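Q: Using the sequences plus the hints, can you model the full thing?
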Amino acid sequence: MRRVHVTLLVALGVVGLLALDQAQSQPLNPYNAPPMIALGSGLAATGGHCAAPPPVAR
Amino acid sequence: MTATTPAATTAPGLVSRSLIIAVVAASVLSVALFAGPRSGLVLLIGLGFGLTLEGFRFGFTGPWRRMIQERDASGLLAQLLAIAIVACAALPLLAANGAELKGAHAPIGLAMIGGAFVFGAAMQIVLGCGSGTLVNAGSGNAIGAVALPFFAIGSFAGAWHLSWWTALGSLPVMTLKGAGGLGITLLGLAGVAALALVIGRRGSHRLPARYWGALLALAALAILHLVVAGQPWGVVYGLGLWVAKGVVAVGGDLSGSVFWSAPANAAQVEASLLTDITSLTDLGLIGGAALVAWWRAGLASPVGVLPARAWVAVIVAGLVLGYSSRLAFGCNIGAFFSGIATGSAHGWVWFAAAFAGSWVGIRLRPSLGLEARR
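Protein chains in written order, with numbering that gives the first Met the number 0: chain A, 0 to 57; chain B, 0 to 373.
Please keep in mind that the hints were generated in silico from the structure rather than gathered at the bench.
Please read all numbers here as calculations on a predicted model, not as lab measurements.
A hint or two may mislead.
Some chain B residues well away from chain A (every beta-carbon gap over 10 Å; in silico) [to be verified]:
| id | residue |
| --- | --- |
| 1 | Ala-10 |
| 2 | Gly-190 |
| 3 | Pro-306 |
| 4 | Ala-309 |
Here chain B is said to cover these stretches of chain A; the calculated rule only asks that three of the stretch's residues, wherever they fall, bring their Cβ under 8 Å from a Cβ of chain B [stated by the list, open to error]:
| id | segment |
| --- | --- |
| 5 | 1-8 |
| 6 | 11-22 |
| 7 | 39-50 |
Ideal Cβ positions, reconstructed from N, Cα and C, are used throughout, including at glycine.
A: Below, the structure written as structure tokens:
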């Protein structure tokens with residue numbers, strides 16, 4: 000087995016992940032997308048990040 | 000992050016290279032067209048991270064390992080310089096645009112410290128941290144490719160249990176802000192650099208040209224990431240999200256998890272991965288590393304043979320990497336690089352704990368069959 004086979008397997012996994020995501024996620028809507036640049040957009044940053052403190056149990 | 004064996008390979012031709020560049024450009028444009036321009040730009044930044052790390056053969060695990068084993072401080076110094084450059088831009092930006100931009104700010108706690116220590120050990124076992132595992136997997140490293148899915152599973156599970164672990168004991172979030180915060184951050188980085196130079200062997204203050212290229216490119220991309228995405232570079236959230244989507248796809252219920260049922264996270268599980276910042280940069284890291292490895296004709300070398308117990312160790316370490324990085328509020332990217340650069344006190348504690356863990360991980364590798372005993 001060569002490295003190229005490993006990379007191809009990883010690429011296959013990524014394609015599979017994106018296909019699964021496409022099948023089960025809400026459809027993409029570029030007209031609802033945020034502006035290209037967050038800085039100066041006037042919108043609050045809302046993306047998920049590993050450093051974000053955990054949500055409080057309801 | 001990977002070595003190539005040019006003697007045994009043939010570099011791709013002009014046509015192949017042009018075709019691949021066209022495919023990459025079309026992919027980025029498609030994402031921008033269907034998911035929005037920010038998604039396209041973030042994917043492009045992620046590709047830049049992958050190109051930089053693989054292209055300059057730079058990372059986070061290797062330099063720590065060389066510092067501990069060989070007292071070669073050069074790689075660690077390059078990391079500290081990159082963080083300092085990002086801090087010089089990020090802290091003023093955050094101070095002036097606190098609503099639009101957010102830092103990698105997290106609380107220091109018992110589980111956070113333990114998680115960072117364990118992460119540091121595990122990253123030396125697989126020779127890949129958060130970014131490193133993605134880059135290694137993309138560039139055809141079998142250990143990285145095997146560790147990656149288990150890293151993602153661990154990240155999903157760690158996020159599920161995060162509230163419980165954090166409740167064991169945490170301080171409030173502490174951040175360094177504004178000019179004073181920047182001064183303290185730079186002093187701290189200078190102090191660590193001075194300590195590394197004192198401990199390091201003679202001559203390790205001279206950074207090779209590729210380190211300069213890597214640190215300048217990483218810093219520029221990290222600042223651009225903050226400006227474009229509104230948040231600093233991170234890795235681990237996206238990996239856990241991929242598994243959360245898989246769990247839902249097979250009929251799993253996430254409502255029992257405080258983390259995954261929280262409105263923002265539940266909405267992201269329902270939304271496309273192409274709208275998630277960390278997923279886009281993670282995919283870009285894999286793609287950028289694969290591109291460089293292919294470009295250099297570095298994919299033709301054979302995969303190394305390891306004993307069965309080594310593969311078991313890689314799988315366990317992958318799970319541990321993912322789980323511990325959630326408890327630690329980030330990996331070497333989200334906590335160490337972005338945490339310190341955006342003024343989070345947890346980044347400094349993460350660094351100390353993970354470095355101590357790395358010392359342990361390096362000593363574990365021979366007994367796990369991953370390298371010859373010294």
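Q: Hint by hint, which ones does this structure get wrong, listed from lowest number up?
A: Per hint list: zero violations.
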